[in-house]
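Undergrad: Sequence:
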Amino acid sequence: YNLKPECTSWIGCVSHYEVNPILQLKNQLELIDNQNRISYLGSIDLSYSKTQLIIDEIGLYNDVNELLATWDELTIISKKTTNCYALYNDGSKPMKVSTISSKTNIPASLCPGLNEPGAPTMVLGGFTMHRISGDSINPMIDTKAKINSISIYNGSRILDTCLGLGYTAIEAGKKVGKNAGKVTTIEYDDASIEMCSFNPWSKQLFDQSLPIDILEGDACELIKSFPDNSFDGIIHDPPARALCRSDLYGLEFYKQLRRVLKRSGQLFHYIGNPSSKESGRLYGGIIERLYEAGFTE
Numbered sequence: 001y002n003l004k005p006e007c008t009s010w011i012g013c014v015s016h017y018e019v020n021p022i023l024q025l026k027n028q029l030e031l032i033d034n035q036n037r038i039s040y041l042g043s044i045d046l047s048y049s050k051t052q053l054i055i056d057e058i059g060l061y062n063d064v065n066e067l068l069a070t071w072d073e074l075t076i077i078s079k080k081t082t083n084c085y086a087l088y089n090d091g092s093k094p095m096k097v098s099t100i101s102s103k104t105n106i107p108a109s110l111c112p113g114l115n116e117p118g119a120p121t122m123v124l125g126g127f128t129m130h131r132i133s134g135d136s137i138n139p140m141i142d143t144k145a146k147i148n149s150i151s152i153y154n155g156s157r158i159l160d161t162c163l164g165l166g167y168t169a170i171e172a173g174k175k176v177g178k179n180a181g182k183v184t185t186i187e188y189d190d191a192s193i194e195m196c197s198f199n200p201w202s203k204q205l206f207d208q209s210l211p212i213d214i215l216e217g218d219a220c221e222l223i224k225s226f227p228d229n230s231f232d233g234i235i236h237d238p239p240a241r242a243l244c245r246s247d248l249y250g251l252e253f254y255k256q257l258r259r260v261l262k263r264s265g266q267l268f269h270y271i272g273n274p275s276s277k278e279s280g281r282l283y284g285g286i287i288e289r290l291y292e293a294g295f296t297e
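For what it's worth, this note's numbering labels the leading residue of the sequence shown as 1, then goes sequentially.
Simulated from the structure, these hints should not be mistaken for lab results.
Possibly wrong hints are sitting among the right ones.
Derived pair list, reagent style DSS-like, types lysine-lysine, alpha-carbon separation capped at 27 Å [claimed, not checked]:
hint : residue 1 : residue 2
1    : K178      : K203
2    : K50       : K103
3    : K26       : K96
4    : K50       : K144
5    : K80       : K93
6    : K224      : K178
7    : K79       : K103
8    : K93       : K146
9    : K174      : K146
10   : K203      : K144
11   : K255      : K224
12   : K262      : K178
Owing to the predicted nature of the structure, the values given are computational and were not obtained by experimental measurement.
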């Protein structure tokens, strides 16, 4: 992928969840006599891990003493509860992680969880790509619930039709094993790939630690290139229909899914809550078309 330089040169990515503890430490720093620097263990990767950090009267530094953000910049981030920010070590200001797709002209951004730190979701054209509301739901819980809906075992070959932030592909990749298993995932939108490149929780898409192949293009076209009976399982979690640039809810695509799925394989098709107005309108037609395409319960 031909990513912009800022997509790969960032040192950290933070939201208000990671910044607020840093600001609390600043207040402690002002109360400590004869000590103008504090070293502490904190996160600059959206709470994916912790690392040694330093603060002084100017701002936040990494463990090799490179300035990542000033106090004024950190204060601004702390007030932006729906945004994530990339940190750089070259003197650049923290940058809000957002873009506009060159293919669809739809805006995309990383958004932290509503109730707790952790894996962010992506907001695409005003739609969140994961369930994030509720006392016991976040993007990773949402992803694992989808993954657990089909049987994935060591050696499985899995098709993930819509990459998004890659959480589904990553969790499936952990299950299939590195030797015989493989996850093939497809993404049409360059904006999604760009958001993945900033997201620490998506890094296993790119670091070759898992058997994941990413194909860039239209799933409705790319699926025609797969041989019959190629996959043990398929996870079809398309964006809202208003965001689709091809018919990922159509009969012809469902017929292709049936063709490339082994006879004993399983399909998981996520459409949201059938009780909701939008999903409710789709549900009956989707079930009818899946039966017509050859799927059975």
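Undergrad: Does each hint hold? Answer for all of them.
TA: These are the hints, each one checked on the structure:
no.	hint	verdict
1	K178 with K203	17 Å, holds
2	K50 with K103	36 Å, violated
3	K26 with K96	23 Å, holds
4	K50 with K144	23 Å, holds
5	K80 with K93	15 Å, holds
6	K224 with K178	26 Å, holds
7	K79 with K103	32 Å, violated
8	K93 with K146	38 Å, violated
9	K174 with K146	14 Å, holds
10	K203 with K144	17 Å, holds
11	K255 with K224	10 Å, holds
12	K262 with K178	21 Å, holds
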